[in-house]
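Student: Please put together the full structure from these sequences, using the hints given.
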Amino acid sequence: MKRWLPLIIFAALGGFFYIGLHLDPREVPSPFIGKPAPAFMLPVIGQPGVTFSPEQNKGKVWLLNVWAPWCVACRQEHGALMQLAQAGVPIYGLNWKDKDREAESLLAQKGSPYTVSVDDLDGRVGIDYGVTGTPETFVIDKGGIIRMKHIGPINADNWQAKFEPLLKELNQ
Amino acid sequence: MIPEIGQFALILALLLALAQGILPIIGAHRGNATLMAVARPAAQGQFVFVAIAFGCLAYSFLTNDFTVENVARNSFSQLPLIYRFTATWGSHEGSILLWTLVLAFWTVAVTVFSRHLPEDMAARVIGVMGLVSVGFLAFILVTSSPFTRIFPAPMDGNDMNPLLQDPGMVFHPPMLYMGYVGFSVAFAFAIAALLSGRFDAAWARWSRPWTTVAWVFLTIGITAGSWWAYNELGWGGWWFWDPTENASFIPWLAGTALIHSLAATEKRGAFKGWTVLLAILAFSMSLLGTFLVRSGVLSSVHAFATDPTRGIFILGFLGVVIGGSLVLYAIRVPKMESGGSFSWFSRESMLLVNNVVVVAALGSVLLGTLYPLFMDALGMGKISVGPPYFNAVFVPLIAPAMFLAGIGPLVRWKQASLPDLAKRLRIAFFVAVASALLLPLVAGGFNWMASVGIALSLWIVFTVMIGFVERLKHEPGNKLAALWKLPRGFWGMQLGHFGLAWVVAGIALVSAYETERNVKMNVGDNVEIAGYTMTFQGVVMHDGPNYRAARGTLDVSKDGKPAFVLHPEKRIYNASGMPMTEAAIDYGFSRDVYAALGEELGPNEWTVRVFYKPFIGWIWVAGGLLALGGTLAAFDRRYRIAMKKAAEPAKAKGVAVEGAKA
Numbered sequence: 001m002k003r004w005l006p007l008i009i010f011a012a013l014g015g016f017f018y019i020g021l022h023l024d025p026r027e028v029p030s031p032f033i034g035k036p037a038p039a040f041m042l043p044v045i046g047q048p049g050v051t052f053s054p055e056q057n058k059g060k061v062w063l064l065n066v067w068a069p070w071c072v073a074c075r076q077e078h079g080a081l082m083q084l085a086q087a088g089v090p091i092y093g094l095n096w097k098d099k100d101r102e103a104e105s106l107l108a109q110k111g112s113p114y115t116v117s118v119d120d121l122d123g124r125v126g127i128d129y130g131v132t133g134t135p136e137t138f139v140i141d142k143g144g145i146i147r148m149k150h151i152g153p154i155n156a157d158n159w160q161a162k163f164e165p166l167l168k169e170l171n172q
Numbered sequence: 001m002i003p004e005i006g007q008f009a010l011i012l013a014l015l016l017a018l019a020q021g022i023l024p025i026i027g028a029h030r031g032n033a034t035l036m037a038v039a040r041p042a043a044q045g046q047f048v049f050v051a052i053a054f055g056c057l058a059y060s061f062l063t064n065d066f067t068v069e070n071v072a073r074n075s076f077s078q079l080p081l082i083y084r085f086t087a088t089w090g091s092h093e094g095s096i097l098l099w100t101l102v103l104a105f106w107t108v109a110v111t112v113f114s115r116h117l118p119e120d121m122a123a124r125v126i127g128v129m130g131l132v133s134v135g136f137l138a139f140i141l142v143t144s145s146p147f148t149r150i151f152p153a154p155m156d157g158n159d160m161n162p163l164l165q166d167p168g169m170v171f172h173p174p175m176l177y178m179g180y181v182g183f184s185v186a187f188a189f190a191i192a193a194l195l196s197g198r199f200d201a202a203w204a205r206w207s208r209p210w211t212t213v214a215w216v217f218l219t220i221g222i223t224a225g226s227w228w229a230y231n232e233l234g235w236g237g238w239w240f241w242d243p244t245e246n247a248s249f250i251p252w253l254a255g256t257a258l259i260h261s262l263a264a265t266e267k268r269g270a271f272k273g274w275t276v277l278l279a280i281l282a283f284s285m286s287l288l289g290t291f292l293v294r295s296g297v298l299s300s301v302h303a304f305a306t307d308p309t310r311g312i313f314i315l316g317f318l319g320v321v322i323g324g325s326l327v328l329y330a331i332r333v334p335k336m337e338s339g340g341s342f343s344w345f346s347r348e349s350m351l352l353v354n355n356v357v358v359v360a361a362l363g364s365v366l367l368g369t370l371y372p373l374f375m376d377a378l379g380m381g382k383i384s385v386g387p388p389y390f391n392a393v394f395v396p397l398i399a400p401a402m403f404l405a406g407i408g409p410l411v412r413w414k415q416a417s418l419p420d421l422a423k424r425l426r427i428a429f430f431v432a433v434a435s436a437l438l439l440p441l442v443a444g445g446f447n448w449m450a451s452v453g454i455a456l457s458l459w460i461v462f463t464v465m466i467g468f469v470e471r472l473k474h475e476p477g478n479k480l481a482a483l484w485k486l487p488r489g490f491w492g493m494q495l496g497h498f499g500l501a502w503v504v505a506g507i508a509l510v511s512a513y514e515t516e517r518n519v520k521m522n523v524g525d526n527v528e529i530a531g532y533t534m535t536f537q538g539v540v541m542h543d544g545p546n547y548r549a550a551r552g553t554l555d556v557s558k559d560g561k562p563a564f565v566l567h568p569e570k571r572i573y574n575a576s577g578m579p580m581t582e583a584a585i586d587y588g589f590s591r592d593v594y595a596a597l598g599e600e601l602g603p604n605e606w607t608v609r610v611f612y613k614p615f616i617g618w619i620w621v622a623g624g625l626l627a628l629g630g631t632l633a634a635f636d637r638r639y640r641i642a643m644k645k646a647a648e649p650a651k652a653k654g655v656a657v658e659g660a661k662a
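Here the protein sequences line up with chains A and B, keeping their order. Using this note's numbering, the first residue of the first sequence is number 1, and each one after it goes up by one. Using this note's numbering, the first residue of the second sequence is number 1, and each one after it goes up by one.
One or more of the hints may lead you astray.
Unchecked claim - Facing chain B, a subset of chain A residues (Cβ under 10 Å, in silico):
1. P6
2. G14
3. Y18
4. L21
5. L23
6. W70
7. A87
8. P90
9. Y92
10. K162
11. L166
12. L167
13. L170
If you're looking for bench data, these hints aren't it; they were derived computationally from the structure. These figures come from a predicted structure and were not determined experimentally. From the three backbone atoms N, C-alpha and C, an ideal C-beta is built for every residue, glycine too.
Tutor: Okay, here's the thing in structure tokens:
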């Protein structure tokens, strides 16, 4: 029996690895899910004097997309966001820690998928939302409650798997 | 055209690897010399084609061929030439290709330096390595082709990850892979022994130098990696217990245990089964490391692009290689005779305890690395395991091994006398303990880790000296000449242990006595650290080849006199827009002074992190000494004699054949 022990240990490890392959270690459950979206009031990029607050979206299901001009992964999801925006999905941007003030020119140049994008220069609102990096996307329901948080770029696969069913349910 | 040649070369290499993996093993089983003779040419041919493929990829990178997807994603036209070359292995696909190239290289080395082996043994060893290569070539061709074209081709590439744009990247991955993959030779020898059922001292003597050389490369690779992290990550740390670092450290521990166990098997025929198991373990841990890094089951600062199909493929491959070897082991191990008997206090028993301790330490690192995965798989939540766990568990586990490293070399084989040894070592023991107790007075402040670390390293240093003295006592004539003539194996062991002592001393001192300050600075502000006064002279913009940098200037003075100037940088890379911290370090034998720019708070107002790191350089110098010790041990005279002896009868046989013809 003893001589089979190494094999048994390895088989057990292999089982864990197999399960582990189907899990995403980067996906940390957000404690904000099921809680009201933290309030803020921030200036809208490209519209001097205008501000946006989540209060204004009460009664609407919407996405809050945390992004930054310096973020490479955000560029990856830009195309997908543009398509979603054209399909009528309300996406609001939170431009996180944009110290070089590049967001406005970048959106003008590449096109903006956002209904509006606000400027979180010092990253304080990001902290309120528990943002760990960019991009992150929150789904907020009609009552202003956070229903889902997605870490990483949005693409066709995860949109169909995660977002679409939830949005359908929330919009009913 | 060139990328297609590369792809085609890979396919040919796979076919040759299949021939190399299957025919010689069948030949060895049936005693068919023709089939066995396939091993060497097939392995050498395979190497040629893998090298062609690697060359094609390197060419695509050097010529900025952005029609190749891998080049477009991982390189950039403004990238300096040397990094365009290292970008060849900077991506997932390229690094697996490098893995395969290194494996083919080791196999060729075996084909050249195995003339003294019995033909069936050499055929089995080369065959097993061929089978491993089949797995990796298939992995590349099925899931990770580096030669895939992209259409339409982008105008320019996405740039190499700025973290990898460091001179350390030139040496670190190839060295690490030479080590990782080098254990495949010891593994192949173990499997060949299991297949043939012959476990003699000769087997251990054959595989020992190979194992030591692989271990040397791994030591250099890990040391270089730690050096890279220290210089490039800007946190001032040199080891983070990151899963990817652990993935290289675990095979290193297994290899360390294997080297010691092989010594007992070669000299005394002791613990054969255990040695075979360790040889399987060392290579399995290398493969496991590759799996952990490549599959994305663990998150890590090193995370490359991850893809579950690749994970499934490597896991399946792991199952075949490791599972298959362990089944073979379980079937064959009852046939092994145990070697000569030894008493509870002997060189054998010391080596065995050393092995148990090192493997237990390995287990603790493996457990900590995989624990988040276990918890997640069992649905018990997401956790991460960090340095506090590893420091608290690994350090006390490995400390007894340090103590034994002092005793072991002085204990006789088979049976030794404890009272006798105690008499020989008591002075060393008391001096080591006394120095450790005095250290806080010199260093200014007691720290148990520093004291224990210094006690252990002095203990090893003294016992190394005693080892030399006792060895020379019996040599006649000029002692200095005799010292020079001591076997390289002896020198290697002593230097290795001395290097270990030095590493431990460096780690203990820097961990205990380093200081750090994190301050906000305007132009003209001063910060004081460990007797150095740094004056912030502001930041100027400066253009690098593929980045823009904010370059700070810190004038450093000691005792009122200007000492040196540091230029820490904050870089933004043009293609990716990624910010990078480039630390500035003034290196010294007894201390480093380290500065890094933090965040820009306002015009010429920055947060600045400064560190004073006593004796940190010792870690890398001593790492080099460890490698030197291993190198000497691997090239001991007895291995060369064995090869020469084997070559002579072969020649004689050739003459006899010619004679018969005549």
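Student: Could you run down the list of hints and mark each one as holding or not?
Tutor: Results of checking the hints against the structure:
1. Taking 10 Å as the C-beta cut-off, the interface hint given for P6 (chain A) holds, the closest approach to chain B being about 5 Å.
2. The interface hint given for G14 (chain A) holds, since its Cβ lies 6 Å from the closest Cβ of chain B, which is under the 10 Å cut-off.
3. Nearest Cβ of chain B to the Cβ of Y18 (chain A): about 6 Å, under the 10 Å cut. The hint holds.
4. Residue-level restraint check for L21 (chain A) holds (minimum Cβ-Cβ distance to chain B is 4 Å; threshold 10 Å).
5. The beta carbon of L23 (chain A) comes within 5 Å of a beta carbon in chain B, closer than 10 Å, and the hint placing it at the interface holds.
6. Interface hint at W70 (chain A): satisfied, since its Cβ lies 5 Å from the closest Cβ of chain B, which is below the 10 Å cut-off.
7. Annotation: A87 (chain A) was flagged as interfacial toward chain B, and the flag is violated, the nearest CB pair being 26 Å apart, outside 10 Å.
8. Interface restraint check for P90 (chain A): the shortest CB-CB distance to chain B comes to about 27 Å, outside 10 Å, so the restraint is violated.
9. For Y92 (chain A), the shortest C-beta to C-beta distance to chain B is roughly 23 Å, which exceeds 10 Å, and the interface hint is violated.
10. At its closest, the beta carbon of K162 (chain A) sits 16 Å from a beta carbon of chain B; the interface hint therefore is violated under the 10 Å criterion.
11. Interface hint at L166 (chain A): violated, since its Cβ lies 21 Å from the closest Cβ of chain B, which is beyond the 10 Å cut-off.
12. Hint status for L167 (chain A) relative to chain B: violated, with the closest Cβ pair at about 25 Å, above 10 Å.
13. Using the Cβ-Cβ criterion of 10 Å, the hint placing L170 (chain A) at the interface with chain B is not satisfied: the shortest such distance is roughly 25 Å.
In this structure, the hints that do not hold are numbers 7, 8, 9, 10, 11, 12 and 13, in rising order.
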